[in-house]
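**Student:** Sequence:
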Amino acid sequence: MECTRGDQAWGCRGIDRAGSGTGDRMILIVASSWSELVGVEQFPSIDGQRRSLPNGDMLVAIPIGVGKVQAALGTAKALETWKPSHLIGIGTCGAIRQDMEVGDIVCAGRVVQYDIDLRRFGLPRGSTFDSEGKEAGELVLESPCLRMLHELREYRGRKIWERGVLGTADTFLVASERKDKPWIAEQLHVDAVDMESYAIVAAGLSCGIPVSIVRTVSDTWRGSRPKSYGKFLVSASQDMCALIAQYAEPSEKSPTIL
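Under the working numbering, the residues of the sequence shown are numbered 7 to 264, in order.
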């Protein structure tokens, strides 16, 4: 792969995707911390970091840190190290939609940075300038997970929101603050919020890697949350990883930026 100037900024130095020639495909799963990745332990271990999926593909799970900067750097480093054929970000998210419930699964179709506000410079909320002075805003995913989940409405009792819009910011947005920021839903059309998804997608895009984002709702617009967050997180991680193993198939098509 020939990297562009933008690729170098993310640490991509000509990724030769695992599985693009002979051998098994490599799926890289990233999340902010290992507590969100424990679900991968249901798959047989090959060595210290690689695991085997039922279809023969290999999987590596890497924690990347909390927030956009840590997530971008951690994802870029993992991409360069493992050279996957498919990147998947998992974790939890807070609902903006009033009809989302705790435990629902959101498969992102778009991601946006809702904490970016350069309206004084003529840009809409959620957009900034790239290194060439062009507008860089919402990212659109045509991911393998989305295509495979097209007909699936629920999984293990969890409702699936296909092509959801995830808003990413360097802040933990509690329920009361969500209600005080109606523009998140009204202007940016965000369904749920997190702190890493946009950075994960941007890092994968810069290296030409197909990206999927799969997150579980941990708290609702009304403020409802699990009684035991630890147990919830284990169950959510197990189900997200099982879903990925069953439906995620790497593709040559990658996200595009608007």
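Treat the hints with care, since some could be wrong.
Below are the BS3-like pairs computed for lysine-lysine, each with C-alpha atoms no more than 30 Å apart in a straight line [unchecked claim]: (1) Lys233 to Lys187; (2) Lys187 to Lys89; (3) Lys140 to Lys83; (4) Lys237 to Lys185; (5) Lys165 to Lys237; (6) Lys187 to Lys83; (7) Lys165 to Lys74; (8) Lys89 to Lys74; (9) Lys74 to Lys187; (10) Lys165 to Lys233; (11) Lys185 to Lys233; (12) Lys140 to Lys187; (13) Lys140 to Lys165; (14) Lys165 to Lys185.
Quick caveat, the hints were computed from the structure, so don't treat them as lab data.
**Student:** For each hint given before, does the structure comply? Return the numbers of the non-compliant ones in rising order.
**Tutor:** 2, 6, 13
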